[in-house]
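Peer 1: The task is simple: from the sequences and hints, build the whole structure.
Chains A and B are the protein sequences, given in the same order.
Every letter in the first sequence is one number past the one before it in numbering that gives the first Met the number 0, and letter 43, counting from 1, is 42.
Every letter in the second sequence is one number past the one before it in numbering that gives the first Met the number 0, and letter 211, counting from 1, is 210.
Be careful, since some hints might not be right.
Said to hold, decoys possible - Only pairs whose alpha carbons sit at most 30 Å apart, straight line, appear in this in silico DSSO-like list of lysine-lysine:
(1) K65/A x K35/A
(2) K4/B x K171/A
(3) K171/A x K94/A
(4) K90/B x K4/A
(5) K272/A x K171/A
(6) K94/A x K200/A
(7) K94/A x K4/B
(8) K35/A x K122/B
(9) K4/A x K92/B
(10) K43/B x K131/A
(11) K88/B x K271/A
Read the hints as simulated data drawn from the structure, not as lab findings.
Remember, it's a predicted structure, so these values are computed and weren't measured experimentally.
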Amino acid sequence: MKTDKRGVAYTWPITLWLTIFFLIPMGIVLVYSFLKKGLYGGVEFKLSFDAFNIFLNAMFIKIVLKTILVSLGVTFITLIIAVPTAYFIVRSKYKKLYIYLIIIPFWTNFLIRIYSWMAILGHNGFVNIFLKKIGLIDTSIQFLYNTGAVVLISVYTSLPFAILPLYAVIEKFDFALIDAARDLGATNGQAFFRIFLPNIKQGIVTAGIFTFVPMLGSYVIPKLVGGVNSIFMGNVIARQLTETRNWPLAATISSVLILLTMIFVLVGSMAKKRGDNYE
Amino acid sequence: MNKRKTSLFFFVLSMLFFYLPLVVIVIYSFNKGKSMVWQGFSLKWYKELFLYSDELWRAFRYSIVIAIISSTISTTLGTLGVIGIHWYKFKYKKYLEVLGYLPLIVPDIIMGVSLLILFVTVKLNLGLMSIIIVHTTFNIPFVLFIVLSRLSDLDYSIVEASYDLGATEIQTLKKVIIPMLLPAIVSGFLIAITLSFDDFVATFFVAGPGITTLPLRIYSMIRLGISPVINALSVIFIAFAVALTLSTTKLQKYFIK
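Peer 2: Structural data, given as C-alpha cells:
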C-alpha cells in the first residue's frame, strides 16, 4: 500500500458526495431537534428544548417501545423460520433451484409483495370471499389493520434477507461435528443447541441485523396494513413532517431512531466478534 | 432422524408463504371481474395496463431515467472510491471507510427525511434532481461492497507493470483497472438500478408534487385497496424477477467461469 496523491485523487468525489448529501443532512437533523418550531413548518433559529419535552411524554415513549418490541418479535419469528429453511436448503440435492426460489420474491417489488397480502387478507380479499362462498361466515372478517398483519407481512418481506446470509454460513458448517457429538452421546437437541447453533452464530447475527434494522425504520407496512393502533416511529416522523408540521419534533424522533439503529448494530457486531473468539 | 422432517416442514412453510400470495395475484390478474370474485378468464386488465394506463407508464419512464442516472453516478463514485481506499493511504482514509458504509445502516426513512430537510433549508426545488441525489446516496455502499470484493482479488503488480511500461494514470485506469473490475462494476450497477427502481420510502419524502416514480404511483393505487391493473402489473414484475434471477446466474457463470 502506498502513500501518494492518487489516493486523494480517487476518493475526493465520493467523500465530497457523502459529506454533503449524507453527513451534513444527519447533522442538520440533530441541530433541528434543538430549534424552535416555525409557524408553518420549518424552524426558527432559536435554541429550544420544546421538541424533547413533547417527545418525553407517554404517547411517544410508548410508540418507541412498541416499535422496538414488534421489531424484535418480527426478527425472532423470521429467524425461527429462516434457520431450518436454510438448513434444509443446504442439505438438499436441489440447493441451486431452492436458492433461486428464495431470490425471486427478493427481486419482486416491495410494494407488490405487500399488496399481494392485502389482496388476500383484505375486506374483499381472497380469504374472505372464499370463506363466504363455502358458507363459514356472512360478513367479512377484518384480518388487516392490526399489529398481527404488520408482523405477518414484515416477516414475509424480511425472510429472504434472513435466509440468504444463514445459507452462506450453514453451507460452511462441518456436519461431521454433529455426528461426532451424537457418537459421544449427545441427544439430537443437545447437538443442535450446543454444536450447531453456536457454530452458525455469525449467520444468525447477520440475518438478525438485516431483519431488525429495516424493521426499526419501518414506514410503509404499518401505514398500509397497521391501522391506527400499530404506528411505528417512522409513521410519527412522517406525520410530524407533513401533517402536524412540527419539524423539530420530527427531527428529534429521527435522531432517536438513528441512535437506536446505531446501538443495535453495535451490539450485533459485538456479538459477532464474541462469536469469533468462541471458535 | 426427525430433524430432516422438521426442517422440511419449515422449508415447505417458507415456500408456501412466499408463493401463495404471488400465485393468487397471478391467477386473479386474468379475472374478468374487478374484485377477488372469480368471474371468468379475461385479458382485459392487461389491455387496460398496456393501453390505458398513461400515468403508470409516465411514472415508469421517470423511474427508468432516475435509476440509470443515479446508478451511473453511484457506480462511478463508488468504483473510484474503492480503488483509492484499497490501494492507497491518505489522511482521511479511516473517516471515509466508515462514512462509505454508514448509509447502509441508516433507515431509508431517515435518508429521505434528512435530505428533505437539507433541500428545504438550501431552497432546492424538489423533483428529479432531489430524487437522483437520494438514490445515488443510498446506492453507494452497495457499489463499494461489490467492487471491493473483486478488487481485493486483484494483483497490484499488474497495475505497477502498466506504469512501468509507461502508461499514464488515465491510461492505466481505462485499459487495465476498469477492464479487470468490469464484472463487479456491472453487478454493482445492476444492483443499484434495482434498488433505485424499487425504492419507495426515501423517494416519497423528496419527490415533491411534480414527479411520480413507479413505486409512488403503485402506492397511491394500492392505498385504496384491490386494483386489477396492479394485479396485471404484479405479474409483469414477477416475470421480470424470474428473468432477472435466471439471467444473473447466467451472467455470473459467464464472468466467473
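Peer 1: Against the structure, test the hints numbered earlier, and report the numbers of the ones violated in rising order.
Peer 2: none
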